[in-house]
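Enquirer: Chain residues, written in single-letter form:
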Amino acid sequence: MSTKKPKSSDHNSSDQKGPAMIDLDALRVVGQPIDGHVPDVPPALAWEDRKLHYNLVNPSNRRKFTVIVVGTGLAGAAAAAALGELGYNVEVFTYHDVPRRAHSVAAQGGVNSPRDRKVDNDSIERFVKDTVKGGDYRGREVDAFRLGQEGVRVIDHMQAIGAPFAREYGGQLATRSFGGVQVSRTYYTRGQTGQQLEIASAHALSRQVAAGTCRLHSRQEMLDLIVKDGRARGIVVRDLVSGKVRALTAHAVVLATGGYGNIYYKATLAKNSNATAIWRAYKRGAYFANPAFVQIHPTALPLMSRWQSKKILMSESLRNDGRIWAPKAKGDERNPNDIPEDERDYFLERRYPAFGNLVPRDVASRNIRERIDAGYGVGPLKNAVYLDFRDAIGRLGAAIVRERYSNLFDMYNEQTGEDPFATPMRIAPSVHFTMGGLWSDYDMQTSIPGLFVGGECGWGYHGANRLGANSLLSGCVDGWFTLPYSVPNYLAGYLGESPLDLADDAVQDTMREVQARLDRLVGNKGTHGPDHFAAKLGEILDQYASVSRDPAELAAAIKQIQALRKEFWRDVKVIGDGDRLNQELEYAGRVADYLELAELLVLDALDRDESAGAHFRTDHVTPDGEAMRDDENWTFVSAWQAPSDSGPDAGKPIRNYEPLVFTAVPLQQRNYK
Amino acid sequence: MRLILEVWRQASPQVQGHLEAYEIDDAREEMSLLELLDRLNHQLIEADQEPVAFESDCREGICGTCGVDIDGIPHGPEDNVPACGQHVRSFNDGDTVRIEPFRAAGFSVIRDLIVDRTGLDRIIQAGGTVAVDAGTATDADALLVTHEAAEAALDFAACIGCGACISACPNGAAYLFTGAKLQHLALMPHGKMERGRRARAMITQMEHEFGPCSQIGECALACPANVPLSAIATVNKERLRALLRRKDN
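One line per chain: the protein sequences are A and B, in this order.
What the first sequence shows, in our numbering, is residues 1 to 673, in sequence order.
What the second sequence shows, in our numbering, is residues 1001 to 1249, in sequence order.
These are calculated hints, taken from the structure and not from any lab test.
Every residue gets a Cβ at the ideal spot worked out from N, C-alpha and C, and that includes glycine.
Among these hints, one or two may not hold up.
Stated by the list, open to error - Just a sample of chain B residues kept apart from chain A, beta carbon distances all over 10 angstroms, derived:
#	residue
1	1016
2	1065
3	1196
Said to hold, decoys possible - Estimated spans, in silico, between C-beta atoms of each pair:
#	chain 1	residue 1	chain 2	residue 2	range
4	A	171	B	1208	51 to 57 angstroms
5	B	1226	A	381	30 to 36 angstroms
6	A	51	B	1226	50 to 56 angstroms
7	B	1208	A	212	38 to 44 angstroms
Modelling step: build the complete structure from the supplied sequences, incorporating the hints.
Expert: Below, the structure written as structure tokens:
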């Protein structure tokens, strides 16, 4: 296998200057450069080269290997199904009752694929350029090449296994445009693309369950990772119905457990999405990449009342035909239809004439939040701006607008009681996607050998900002067309080895630790349920670690999170017992992990002394108000390592770093004007 | 707004359940039904009582996780809307609202409002899939699909697998669910290859798990994904087609 040594760089020594007055060295340790195992060939050739060098497992030997897959979203269901199709034994875990419910199901707008069928000048190189540039040069360029190259056949496969993509009248696949790009490469099924891809993948998994290659363990939640001799050997799960804690061992473990956006309390994520699997893996030694890179989506339904349980995403595809505006006058309370054209400020079109309403998500969110904070917000809580279809309806007719967006309009109507055909939608930014996640090398293997990641729980493609319709693509590519190559390469080295015995100390110790943690939560006779602490944590993060971040405030936020964590363990109340279905206990465990991950998130935001994509630091701004990167010092991914328990640096996370190299898309400042 | 909620409480599948009445003083019109249950649980937890176990996830109508019977109607009073999209504005001040788990012989209660719906998944496992392995598909652009067929397939593919159709049916039948999948795949180029085989396998499993269809049509009224009622006819059509053709496709 050809590998490339990362360049060592002197500017990453611990004497690096942080923001004034904040002693970063008291909070973290600067570690070592790490190797992403990127093939030493031009990036466009890397994947071909790597596949050629992968070890294979003979078809008759495949059933001797067991692989655990956690999560049944796009990446998990696909990885499990594909490995099952190849003949491996796969143990699949989900906390849902059935695989199809995973949150990939909620993605609306579409899936990118640079199939280059139109004459709008798309290509794989252009896809890579859009992805790398959109991610503000903080993702791995070679990974973006693989995403584009394998993305071409994703559409073929998903169509074949049952996803009914939208078709033109000539019978060909239809496409639409998405934010951050100037070509039309997004394939879709009305506004329910994620649902159709997820169901197709979950059903492909069902086919393997019926065939006996995959065994499905539903209503089981992973609570820890079993590591022995530095390798991932299995997981500990809790049966959510019986409450029983048990372990399962295997030759390799794949985590496809989604993002951690719910750490912000009210996000667009499903209520059960959580960070426990990846956080437990981090605590067992897996590095955590760029936790501060959190995407705030520009077009969600705003919070309208105290009991509103979450924010709801309105697909970015709406920005194709909808125009975003705020009144030119502060505090304008008129009905939007009564505000004449010359009193409306189409601020995205005004500030970014080239991309207009289709600027990348981070740029759109920051601008919308700026308008709202400056007093131009609309709606009962003045926390929204308008997304208006009046012109599109006039240009295309209501019938075509309805065909493109009917279920989104219905959803808006269902939630608000308002009709977007008659009144502009009200939208506001909301936490939506986490570009950060467990660090992995080019083979999608984490820093723990035998532990792989797929989909949003990893990092890699999206850098500091994800382009719309690239997440469905990455879930599909990871699961169907990357892990089925790279996991066997690892397995090949362990032919003849049995999974770890369940009586092994490593298994038993991990189970005991999990049980002790559950017992501690159940036995804690506090005064507030876990939701109380989740809400407080969300407030802190929303205030200090959202669309803009101030170093002094971030430092203060760390102290607040530490205090809240102490309060949680002193005062949390978990009603009921651990030996049966107990949703409060499930939630309490997840919130406990949020309270730890949040500190790392804020620390990463404080440590990364630049602005990049969604990470917008108020002390690093260009003269015209845009994010200002510091390529000289920060062209790397931060890969955080859990602190050691003893020694002079006990308790301080260690920030390792993988230098990023850009050859196909040279570093340049983003410009969407 | 003040509401009395009569909620089904059942600690486990083994014990008998019962309705228990709770009062909410500050229900608001814009609350969803699930937010009303959140409000109730918050109140119960404050009073050191066990919260009501109920399922939900995306809360935007697409995952199919949520589902309760409201006054005997699956998901609630508004037709074709999932529980997460039903709102308190459908009720009046002082109303009593009965909240029970989805009622059907094929759905056993796990706890409170949570039922076991894995029977639906077993219908899919029996044959609701397409036998194409990763990487072996032909170019999707080389297979033309009419706009009309793609749109029709989507109408049926929209099913969210919530099980409301079964709870709505006096017979507890799964015809709408099964027919939706059969119709969706019968319209897709690759799905046609196994059309007969699929129909036989899925319908056999469906009849094993769920009740017969008497063409009442309650299922389509409850369906939050607006799956057309013609799906129930599809089941018999596909059954007959498979029987007469005696072929896999």
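Enquirer: Does the beta carbon distance between residue 51/A and residue 1226/B stay inside 50 to 56 angstroms, or does it fall outside?
Expert: violated, 44 angstroms
Enquirer: Holds or violated: the 38 to 44 angstroms window for the beta-carbon distance between residue 1208/B and residue 212/A?
Expert: violated, 19 angstroms
Enquirer: Using the beta carbons of residue 1226/B and residue 381/A, state whether their distance is inside 30 to 36 angstroms or not.
Expert: Since residue 1226/B and residue 381/A have Cβ atoms about 32 angstroms apart, the given range 30 to 36 angstroms holds.
Enquirer: Quick check for students: does the CB of residue 1016/B sit more than 10 angstroms from each CB in chain A?
Expert: Its Cβ never comes within 10 angstroms of chain A, the nearest being 16 angstroms, so this holds.
Enquirer: Per the stated criterion, does the least C-beta distance between residue 1196/B and chain A lie above 10 angstroms, as a non-interface residue requires?
Expert: holds, 17 angstroms
Enquirer: Could you check that no beta carbon of chain A comes within 10 angstroms of the beta carbon of residue 1065/B?
Expert: violated, 5 angstroms
Enquirer: Within 51 to 57 angstroms: is that where the Cβ-Cβ distance between residue 171/A and residue 1208/B falls?
Expert: violated, 38 angstroms
Against the hints set out earlier in the document, violations occur for numbers 2, 4, 6, 7.
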